[in-house]
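Assemble the whole structure, with the sequences as input and the hints as a guide.
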Amino acid sequence: MEAGALSTPVLRARRNRKDRIGDPLLRGLSGLAAAVAVAAILGISYEVTKIASPAISRFGLGFLTVNDWNPVTERFGAAPFLYGTVVTAGIALLLAAPLSIAISVYLTELAPQRLRRPVATLVDMLAAIPTVILGLWGILVLGPFMRDTIEPALKSAFGFLPIFSGDPSAFGYLTAALILTIMITPIITSVTREVFETVPGELKEGFYALGATRWEMVRRVVLPYSRAGIVGGAMLGLGRAIGEAIAVAQVIGGAYGIHASLFHTGGTLAAQIAAQFQGAPNQLQRSSLAYLGLILLVFAVIVNVIARVIVRRGGLEEAEFTPTEAEAL
Amino acid sequence: MEHALYAQSGGLRRRRRVNRAVELTSTVAAVLAVAVLLLVVGSVLLKGLGALSIHFLTTPTALFGEEGGGISNAIIGTAIVVALAAAMAIPVGLLVAIYTTEFAPPRIGNPVRFVLDVLNGVPTIVTGIFVYGLLVAGRQQSGYAAAVALAIIMLPIVARTAQEVLALVPATLKEAAHALGIAHWRTTMRVTLPTAAGGLLTGALVAVARVAGETAPLILLCSIFAPGNLTDPREGLATIPIFIFQASESPSPTAHTEAWAAALVLIAFVLVLNLVARAFYARSRQRMEG
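Taken in sequence, the protein lines are chains A and B.
Residues 1 to 329 in our numbering are what the first sequence lists, from first letter to last.
Residues 1001 to 1290 in our numbering are what the second sequence lists, from first letter to last.
Treat the hints with care, as some may be off.
Computed spacing ranges between beta-carbons, pair by pair [said to hold, decoys possible]: (1) A:D19 <-> B:A1268: 45 to 51 Å; (2) B:A1079 <-> A:K50: 31 to 37 Å; (3) A:A157 <-> B:T1025: 19 to 25 Å; (4) B:P1227 <-> A:S156: 47 to 53 Å; (5) A:T198 <-> B:I1054: 47 to 53 Å; (6) B:T1059 <-> A:V309: 49 to 55 Å; (7) A:S57 <-> B:L1038: 47 to 53 Å; (8) B:L1230 <-> A:S156: 52 to 58 Å; (9) B:I1108 <-> A:A157: 54 to 60 Å; (10) B:A1279 <-> A:E205: 32 to 38 Å; (11) B:G1068 <-> A:T121: 35 to 41 Å; (12) A:D19 <-> B:P1111: 25 to 31 Å.
No lab work stands behind these hints, which were simulated from the structure alone.
Just so you know, even glycine gets a beta-carbon here, dropped at the ideal spot from N, CA and C.
Listed below in structure tokens is the structure:
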């Protein structure tokens, strides 16, 4: 903008007129957009509750504990799917959290400098793979491998435990849990890696100067310093694992019971909705599926809110924000 | 001081052994993650490449029970649905970010950020139920319904990345514009947004890559389609994720091969988009931080 043009009174007047509209307009439009985002979350809660309301009024809170899903007798309950969700997401978290910490230790403390970025990028790419493709891989590659190799081995070694009893099968809780592990490990890793990178170098060097080994330094400095980030990242991963519908629907086998054996087929809240909502034969069943969705929504929101609060308190808000992390968060 | 004198404390050999074991475990964990990525991508490449052909890419899906179809309708459908979703989510997401970083006081901006984070944590299948109740119940499945669901999934991703990127724009630039007496909205449109353009593009690309493979809501909203409908989003459209999902559930080996080939198309698109997004991000960050 040339100074000469600006000083022309006519132009300035025109500019002022536009500014009188422009400022409130942009403020108003952008405020409206923010309102849309808030409306979306309220709308989701309202609409899902509305669709679920016939099932809510028929089954009440007892729905949570009924271990049945029978379209013929029209008796529906959430217990088998709550169980499946807790078992699969729980195992995934138990496997993925230590794995993510170990990967982050490698990426921030061990890897040669020129390997750090490429390896970190590759791990992030794992998070970018569409879950339907992970599910396809689960059905055709991982499932048969579980049935023929992993599960027989677990059975012969730990078969006395109820969770490793029963017949090995390609589809079931364990296969689903492993697919979820693959899904959430890069998500947790992206958070833990970021926090590990914020640990002050002076603290680490101080410990090395005391003669600590690398592990002793990590255990005494990096892990305590990053505790909030680790827990927050793990919760974010847990939220994802709970809510994943497709990949789990593909590999869990779609059964309705509660089974101690991890080799057994089962179902989760999200997977059950994905499997039956579209073809639900009547309104009550569809409504019961929406009820599952409502339970799922409550779970996911609670887990995510806790994760956010922890991560925020850990001061991670200012941490570097990379594209795939944006996706993961 | 409990650990003041590591150097003199005993069991050096044992401490070293523990350290070695932990280092080895960490390295193995990283190798494992990369190996799983290579295994999955490798499987898709190995099994999909054989079935991938010009014919497969340019022929619509065969009618039920027939063989030899392709995925041209699914590619077109995914392109339409994702483009519609992006057209809704990217402007709105950008505006949300502009609101929170440029206009809103912290006591409003922070809750909005929080809402976006919660929205991002909503399981996509639940978003699907919402849009089902809004647009499909009592009517029919449609490409529009799918686009709305994908837009809701994209919105927090676009908005949150845009917020982070806009916050990186040097305050000195904005202050310089203000000092010249330039109105706030002009500064935003002419200074802040262009400076952040690369980073903003990154968020948009990542969001597109994320929803291109999104399957769960599409099952409820856009999985019934007439084979003849290629482009009309008022009715159901074929999409690549639904094609992969349905083919993966089929017992037929032919269907599995086709699923791998479609997966190859999808995974290539998603990974390339992600890598491009990263490149943009790195460049734009460099520019803003000097």
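Okay, the hints, checked on the actual structure:
1. A:D19 <-> B:A1268: 45 to 51 Å: holds, 47 Å
2. B:A1079 <-> A:K50: 31 to 37 Å: holds, 33 Å
3. A:A157 <-> B:T1025: 19 to 25 Å: Distance hint for A157 of chain A, T1025 of chain B holds at roughly 20 Å.
4. B:P1227 <-> A:S156: 47 to 53 Å: Between P1227 of chain B and S156 of chain A, where Cβ atoms are some 50 Å apart, the hint holds.
5. A:T198 <-> B:I1054: 47 to 53 Å: Hint holds: Cβ distance 50 Å, inside 47 to 53 Å.
6. B:T1059 <-> A:V309: 49 to 55 Å: holds, 52 Å
7. A:S57 <-> B:L1038: 47 to 53 Å: holds, 51 Å
8. B:L1230 <-> A:S156: 52 to 58 Å: Once the Cβ atoms are compared, 54 Å apart, the range 52 to 58 Å for S156 of chain A and L1230 of chain B holds.
9. B:I1108 <-> A:A157: 54 to 60 Å: holds, 57 Å
10. B:A1279 <-> A:E205: 32 to 38 Å: Given about 34 Å between the Cβ atoms, the range holds.
11. B:G1068 <-> A:T121: 35 to 41 Å: The hint (35 to 41 Å, Cβ to Cβ) holds, given that G1068 of chain B and T121 of chain A are roughly 39 Å apart.
12. A:D19 <-> B:P1111: 25 to 31 Å: With a Cβ separation near 29 Å, D19 of chain A and P1111 of chain B satisfy 25 to 31 Å, so the hint holds.
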